[in-house]
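J.: Sequence order for the protein chains is A and B. Residue numbers for the first sequence follow the numbering used here, so the first one is 1 and each next one is one higher. Residue numbers for the second sequence follow the numbering used here, so the first one is 1 and each next one is one higher.
Possibly wrong hints are sitting among the right ones.
Copies of the same chain look alike in the list, so a pair counts if it works inside one copy or between any two.
Unchecked claim - No farther apart than 27 Å at their CA atoms in a straight line, the calculated lysine-lysine pairs in the DSSO-like style are these: (1) 94 <-> 137; (2) 194 <-> 107; (3) 137 <-> 194; (4) 112 <-> 36; (5) 107 <-> 183; (6) 44 <-> 107.
No lab work stands behind these hints, which were simulated from the structure alone.
Protein chains: 2
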Amino acid sequence: MRSVRFLLGLLLLTASAAISAQNSPAAAPYTPEYSKDGRLQAPKNYREWIYLSSGLGMNYNAKVSGMDEPMFDNVFVNPEAYRSFLETGTWPDKTVMVLEVRGSESKGSINKSGHYQSTERMGFEVHIKDSAHFPSKWAFVTFDSDQGDLVPPAATCYSCHAEHAAVDTTFVQFYPTLLPIAKAKGTFSAAYLKELSAPAK
Amino acid sequence: MRSVRFLLGLLLLTASAAISAQNSPAAAPYTPEYSKDGRLQAPKNYREWIYLSSGLGMNYNAKVSGMDEPMFDNVFVNPEAYRSFLETGTWPDKTVMVLEVRGSESKGSINKSGHYQSTERMGFEVHIKDSAHFPSKWAFVTFDSDQGDLVPPAATCYSCHAEHAAVDTTFVQFYPTLLPIAKAKGTFSAAYLKELSAPAK
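All chains, full assembly: derive it from the sequences and hints.
T.: See the structure below:
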C-alpha cells in the first residue's frame, strides 16, 4: 500500500512537471483573445514567436518618394501556425502574423553605413485568420493600445492581399524560408501563379 | 498488485509524455554539439530561435564603398540564453548567437522600392559562449558546411567585439529589445560606457 502511495505521488509529480513544461512561456500555444466588445487583444510575447523576415523601406507604390529615414518591418508568426505551414504550405485557422515597424539608424556606435534597427517601435499591426470571429476568415487589426482596431473590410489592404499575395492572402513571396515550401507543396494562389507566368516588364 | 502495475504503467506513460513535450522542436533546449575533432556542428533549427534584429548593409569601416546590392543580416539566439538575458541582462554559458546573411532585392512582385530578403542565404556564422570548450569562453565559428571552422583568436573580430560591444562582447547596442534591459540591469561593458560618455563627434 505504501508503494502504491509512493507511485501515486510520483505520478502526480511527473504529471505536474509535464503540465509545467507545456505551460512554459516558450511552449504555451497562442490563442487569440478578444475583449467583450470583440476587440483583439495585442499578443504580448510576439517577439518570442517565429521570425519570418524583415524589409527596409519597402513600398508598393512607385509614386511615393523615398523617406529620409526608411523604416524596418519585421514579421513574426505564432509557432503553431508556423509548424502547420511547414507541413502543409499554407496557414491554419488561428494564424496570427505580427508586422512590427521600427525606425532605422545609420551612424551609431561603430556602425558607419547601412542601417540598423532603433529601439523605438513605430507601428504594430496584426493579420489574423480566425473563422469563428471574422466572417471573411482573415482580418487586419491595428493597435494604438492593447486593444485592437479592426481595419474595415473595404480597405485596400484586403483587396491588395487578395490580388497579389502568394499564399492564402499572405505575402509569402517576401518570406525567404517559406517561399520554397509553398512552391514544393503547390499552395501558390491563382493570382500569384498568374504573376509568375507573366512576362517580365 | 494489479493497481501497482497500472500505476507504474501510467507513470511511465506520463513520464514519456513529459519527455516528448520537452523534446518537441519548439521546446528542446539547445546544447552545442561538437565533432570528435572539436568542430562545432551547425545548429539546425536556428530559424525557430529568438530573433534579435536585422540590419541592411551595415558596415564598421567608413572606407568601404557601398555595395550595389546591400545584404541583410539577421541575428538569432537560442531561447534558453534569451530567457536568461531577460532576467540578468547578460549571457549565460552555452549562449549561441547565429548571424545569418541574406541577399536583398528591391523590385519584385508588387514591391517598388526599398529592400526585402531573398531566398539565398549568403552567409552563416556563430558567436558562441562555451567555457568548457573554448579557453576564452567566447568564440566565433564560420560555416561552409555543417562542420564549423573556428575563427583564430587573433582575428580582429575578437578585439573589435571586446573593445566596442555593449554587453559581454556582444553588440547589444544593435538589438533594440535587449538594449533597454541591459541598461536597466546595469550590465554595459566598461568600453561601451566610455563610448556613451564620449562627446558626440
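J.: Confirm or reject each hint.
T.: Consistency of the hints with the structure:
| no. | hint | in the structure |
| --- | --- | --- |
| 1 | 94 <-> 137 | within (9 Å within a copy, 43 Å between copies) |
| 2 | 194 <-> 107 | between (42 Å within a copy, 17 Å between copies) |
| 3 | 137 <-> 194 | within (24 Å within a copy, 53 Å between copies) |
| 4 | 112 <-> 36 | neither (50 Å within a copy, 41 Å between copies) |
| 5 | 107 <-> 183 | between (39 Å within a copy, 20 Å between copies) |
| 6 | 44 <-> 107 | neither (31 Å within a copy, 34 Å between copies) |
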